[in-house]
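Asker: Protein chains in written order, with my numbering: chain A, 293 to 427; chain B, 10 to 148; chain C, 102 to 375; chain D, 513 to 1187.
If you are wondering where the hints come from, they were derived from the structure by calculation, not from laboratory data. Be a bit skeptical, because a hint or two may be false.
Claimed, not checked - Listed next, with one range per pair, are the computed distances between beta-carbon atoms: (1) C:Glu365 <-> D:Val808: 28 to 38 Å; (2) C:Lys247 <-> D:Phe561: 51 to 61 Å; (3) A:Gly308 <-> C:Arg370: 50 to 60 Å; (4) C:Glu242 <-> B:Asp128: 47 to 57 Å; (5) D:Asp1161 <-> C:Pro144: 50 to 60 Å; (6) D:Asp1161 <-> C:Lys141: 48 to 58 Å; (7) C:Glu231 <-> D:Val808: 51 to 61 Å.
A virtual CB, placed ideally from N, CA and C, is assigned to each residue, including glycine.
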Amino acid sequence: MEYKNVLTTCPFCGTGCGFFLQVLDGKIVGVLPDKKHPVSQGSLCVKGWNAHGFIYHEDRLKSPLIRRNGKLVEASWDEAIELVATRLGEIKAKHGPDSIALLASAKATNEENYLFQKFGRAVIGTNNIDHCARL
Amino acid sequence: MPEPKIIGFLCNWCSYRGADTAGMARLKYPPNVKIVRVPCSGRVSPELVLRTFREGADGVMVLGCHIGDCHYSTGNHRAAKRMPVLKKVLEYSGIDPERLCVNWVSAAEGERFAKIITDFTETIRALPPLTEEMTWTKG
Amino acid sequence: MDQRLEALLQTIQKVLPDVDGIIGLKVNAAGHIAPHLFRKEAPAELDGLAIWPKYPTPDTLRLIQKAHPGAKLGMVVRGCEERGVVEMFKHAQVDLSNISLIGLQCTREEAEFCRCAKPYTAHAKLTVGEPIEGVPDPVTEGFLAKTREERLEYWKEQLVRCIKCYGCRNVCPQCFCNVCALEDEKWVGTGWLPMPLPPMYHLVRSMHMTAKCVACRECEEVCPADIPMAIQYRLIAGDVKEMFGYETGVSMDEKPPQLLVLAEGEFERTGLPH
Amino acid sequence: MTQTSHEEVRIGVYICHCGSNIAGTVDVAEVSRWAGLLPNVVASHDYKFMCSSLGQELIEKDIQENGVNRVVVASCSPHLHEPTFRNACARAGLNPYLFEMANIREQDSWVTVDKGEATKKAQALVAAAVGRVAHQQPLNSLFVPINPDVLVVGGGITGIQATLEIANSGRHVYLIEREPSIGGHMAQFDKTFPTLDCSACILTPKMFDAGNHKNVTMLTWSEVEKVEGYIGNFTVTIRKKARYIDVDLCTGCGVCQEKCPKKVIDDVFEAGLGYRKAVYTPFPQAVPKYPVIDRVNCTFFQKGTCKACEKFCPTGAIKFDQADEVITVTVGNIILATGFDLFDARKIPQYGYGRLANVFTSLEFERLTNAAGPTGGKVVMRDGVTVPKTVGIIHCVGSRDKNYNNYCSAICCMQSLKFAHLVKEKTGAEVYQFYIDMRTPAKAYDEFYQRIIHEDVHFVRGKVAEVTDAARNPGEEGKLIIQVEDTLVGKQRRIPVDMVVLSAGLEARADAKEVALKFGISCSADKWFIEKHPKLDPVATMTDGVFVAGACQGPKDIPASVAQGAAAAARVLSIIGQGEIEIEASTAIVDELACVGCKECITTCPYQAIEFLEDKQKAHVIEALCKGCGTCVGACLSKSISLRHFTDDQLVAEMIGAMWTMKQFERAELEAQNA
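Chain A on its own, in the form it takes in the complex:
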C-alpha cells in the first residue's frame, strides 16, 4: 500500500502550470493542483485536470501506425520515419516546398518546437509553420 504525490508540470501548453500526479500503488490515479506553485497557484484548466487521462487509456497510441490497404497497422519507428521522409521528399519534389505546412504543438517542449521549426525552414524550406495555440 503506497500513496504519494509527484510534482510535475502540465504538458499541454506553454503556461507551465504545476500539478501533482496522485500515485496509488505505482499507478497514476489523478491530478491535484499544486497550491504553492508560483505559476498556477493551485489552479488548473480543464486540460491540466485531465492531464493523466491518456496514460492508461485504451486508445493511447504506443507505436506508429501505417495505413496499409486502408487499415492502420502497427509499424516500427524506423519504418514510420522512413515512410514520412520518403513521402515528404516526393511531395516537395513534385509540388515544391511551400506545398507543405507544419503545425507545431504546445504539448511538445520548447526544444522540440525549436527543432520542429528548424526542420521546416532548413530541411523542407518553407515558412508555413504554425502552432495549435492559434487555433
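Since the structure of chain A is provided, determine the placement of chains B, C and D on it from the hints.
Answerer: What follows is chains B, C and D alone, placed relative to chain A:
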C-alpha cells in the same frame, strides 16, 4: 411584450387529473402553460426544471398531489423538500424564485387548478422575459 | 518548528504503530505540499509532515480505501475534512470502522482564510491544537445584502470569467460520482464561453451541493477565475438547516433530509403553499 | 413486437376532432398539416373520432402498411383513451409503449377561449408528444402469479358480503375485524329503510354463514399491523389481540358473562345507553360466539383478585395468561371495508348533545328502538321511563355544513324518516323533521317519504339554529325548544319538544389516514379512501390489488354498501381468474456502470424497492416492488437510475418540443410586428 412561455410538470394522478377536471368543467384559463405529464412530483429532478429555464421558459410549474394524498404515498414529500431548495438556488443566483411555482392540486380541484394557472401566468407576465435577463451584456 | 506541527508529529508517532498508515500532508524537496500516506515502514517520511495549505484529503481516503478496503488507517483531519468524511461515510463512499481520526484544530488565520464557521473537529478522539470559534463570512454576508437584481449582476460579473475547467467539481471531496450530470449535454451544454445563461453548470452544482457541501472552500481555492461559488452552497446549507434541521457533516447517522418523508413542521417551514 | 433503437423513427400523428369538442375550437386541419412537417413524422391525419373503430383502424393501417413505428394521437386525456390506443397499436404489432398522447381536449379546446391560441397550444402539445415519442422505447410487462387467497378488512355488512361472494366461489378469505364480533353498525340497528325489515333478521344469517364457512378464516379482535408486497403477493402481518379465552374450549355458554361482577357502560355497541360485563360478547348473536375479557375493566387485571369467570367456566376456557399473537398471512388481493365513524355531535354545542339529557344521537335512537336494546325497544327519554309526546329529528348534523363536513352523508334523510315512523308507531308522539333538503333518490325511497308524510309527521324546512332548554314562555317550560328558521314560511319558529334526535352524519374512521398509509392507498381531504375512478372504477384503488368497498370510500347506505362489497369481490375474483397479472412496466432501472453506490435512491424510495448489491456495491431495483414513481430519479445526482417510459431524454424532448413551438410562434409574431 411577448407572452410568457411556461412549462408545467404535473403528476399523473392528482394534478394532471385536476387539469382534466378543469377541462371537463369547461373552466377557462390562459393557454401559456404547456403540460408535461410525470408519474409523480417526486420524479421532477431539479435538472429538469433548470433545463426548462435554460430552454427559454419564463416560468416552470411543478404540481403534485396534496401532502398526504400522494398516489405513491410519500413521493411528493421529496418534491416538497427538493423544490424549496431549488427556489433558494434560483434566489441566490439572482433569478426570481417566483418563476418556479410549486403547488398541490387534487384530481377534484378543477377550479383550484384553473386559478393556479391563471395566477401564475399573471405573476410571470409581470416579470420581464427570462431570456432578457439572461444575457451577458446589459442593454 | 511550529508548535502545532510538533504536537501533530508526536500524536502521529503515537498512532502509527497501531495502523497501516496515516493520511496527512507532506512537503517535498522543492517545498511543495500535497497529501501523503505516511507508512509505518518509512518513518523517516514524517520529517516532511506539513499542515498548510490544506488539501481535500477525504478524497485521498476514498481512493486508498477503494484499493485497500480493509486497511487500518489514521487520518489527519481539520473540521471541514472531518465533516467531509462523515458525509462520504453516509453516502457509503468510505468506511470509518477502521479509521482513527486525528483532529487538527485550525488557527484563526486559517479560519479567516476559509471564512469558516466551524474550524474545529467534533468526532476525532485525538486532537491537536486548541479549537477556536468560527469566524464571520463577510463575503457571503455582503452577498446576502444585495437585491435580486444586484445578485444577478454580481454573478454575471463573476461567471463571465468561468472557463469551465470543472476544477470546483474535480477538487470537491463530495463529488464522487462515477458519471457526472455536469458532463451530460442534456443538463450542461458545451461549446460556448462565456457559458450561456442561466448558468446551468453552476445552478446544477449548487443544487447537488445541497446537504453535501461541508464548507471546505476547496472549490474557491482552485478556481482559476476566483469565483466565490461557495457563497451559494453556504447559504443553501443555512436554509437546509432552518427548514429541515440538518447540518451537513455533523451527525454520523442522520440521513440527508431531501431524501426523506416530511417530518413534523417541516412542510410549514418550506414556505410552500399548503 | 420489439423494435431496436437503431431503426429509423417513423411517426404517425392523428388529430382527433372529437366531433366539435376539439374541432370547434382547434383548427385540426392546420395542426395536422403542421405536424406533418415535424421531424420523423411520416403520416399525419385528422379524423372525426379517433377512438372509434374506424379511427383506430387508421392507426393500425399506417403501422402495418406505411411502416409507422411511433404513434401520437392528439385527442382527449390519456386517462380516458390511452389504453384504447395502446391496444390499437398492439393489435397492429407495435409495442404499446411506442404510443404517446397529446391532450388537446381537456387541456386545450375545453379551456381556451381564443381559437387561434387554442390551435397554437395544440401545435405545441403535438410537437411535445412527437419529440417525446421519438425517444420512447418498447417495454415488456412483467407477469407475476396471483395468490388466490383474499384478505377482507372489516366485518360489517360490506365485508361480510364480499367475504361470502369470494368464499362461495371456492376461494379462501381471511376476514379480519377489530371488534370481538363481526356485524358492524348494521348489527346495532332495529329496522332498515325503506322496507322496515328487521336488521338482525337479515344480517345474522349472513354473519353465521361467514363465520362458519369452510373457506373463511375469521380473525376477530384483530388488527392489521403491516402490509408488504404487491398485487398477487401481499404479506400481511396481523395482531390477534388476547381474548383471554381459549376458543378451543369455550362453548359460548355465557356463564362467565352472567357471573362477572363488573358492569361496564357499553359505549360501543349500546352507544353508551346500556351495560355489558368486563367479560362480554357485544350482543347475543355475536359471531364468533366467544367472549373477550376487557382488560381495562376486569377486576382481576386491575386489582389482582376476582377470577369469578374462571371459577364458574364449565370448560376451563378462561386464560388470564394469554398474550397477543402476531401472525402473517399471504394473500393476492385485499378488500378494505372498514366502514365509518359517526359524527361526534358534541362538536356542535348549540345542539346540546351531552349537555341536554334528552338530546339523542341517531345511533342512540337505533338502540332505543331495538327490541334487543337497553330499553327493550321502548322509545323513552333519558330517565328510562317517560314516553315523549313530541320528538324533533334534526337532519344534516355535521353534514352539508362548511364548519364540519361539506358533503351529504347520504343516509340521514332516510334514517330520519325511519325514525319518525318508529316514533309514531311506538309512541304516537308528534314528530317534527328539520331538514335542509329532502334527498330520497334510490329505489322505493321517495315512496317511503310519501308514506311518512301521510303519517302526519311535520316537516320544517330550515337549518336548526339551536336546541335549548331556556324557556321563554310557560308553554316551553320543561321542554327542549328547537329554534329554526322555517324557510318555507319565511319566519323564525320555536318548537318545543320532549326529545331531540340528531341525525349525525357519517365520517371517515378516525384512523383512516394511518390505515390508508398502511395499505398504500390515498385519502381524500375528508379522509374517505379514494377509488381509482369515481364512475368507472369505484371499488379499485390506485394501488393494484387493494380494493375499497362500503362506507370507508364515502357515505353509503346498506344497499349501496352490499353492492360495493359484491362488486369488490367480483373485481378480485376476476383478477384471481387471470392466474397471473401484468405489473407496471414503467419501473426504475440502475445503470450499474454509472452507479457509485451512494444509496441515496435506497433512502428515498417510498416502497423499499431498491436493494444494495453488497458484492458489486451498486443499487438494484426489485422490479416487482417498484411502482414507477421516479422519486429515485429525482434524487440520483449522477442520473445513474432512470425510470422507464419517463426517462430524462423523453421528458426533455417533450419539454423542448413545446418550448420550440412557443419560440417559433413568438419569433413569427415579432417578425410580423417588425415588418
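Asker: All hints, please: hold or fail.
Answerer: Checked hints:
For glutamate 365 of chain C and valine 808 of chain D, the hinted distance range of 28 to 38 Å is satisfied, since their beta carbons lie about 30 Å from each other. For lysine 247 of chain C paired with phenylalanine 561 of chain D, a C-beta distance near 58 Å keeps the hint of 51 to 61 Å intact. Remark: the range hint 50 to 60 Å for glycine 308 of chain A to arginine 370 of chain C is upheld by a beta-carbon distance near 52 Å. Taken as a hint, the range 47 to 57 Å is violated for the pair glutamate 242 of chain C and aspartate 128 of chain B, whose Cβ atoms sit roughly 34 Å apart.
With their beta carbons about 55 Å apart, aspartate 1161 of chain D and proline 144 of chain C fall inside the hinted range of 50 to 60 Å. Checking the proposed 48 to 58 Å range against aspartate 1161 of chain D and lysine 141 of chain C shows it holds: the Cβ atoms sit about 51 Å from each other. Checked against the hint of 51 to 61 Å, the C-beta distance between glutamate 231 of chain C and valine 808 of chain D comes to roughly 60 Å, which is consistent with it.
Of the numbered hints listed earlier, the single one contradicted by the structure is hint 4.
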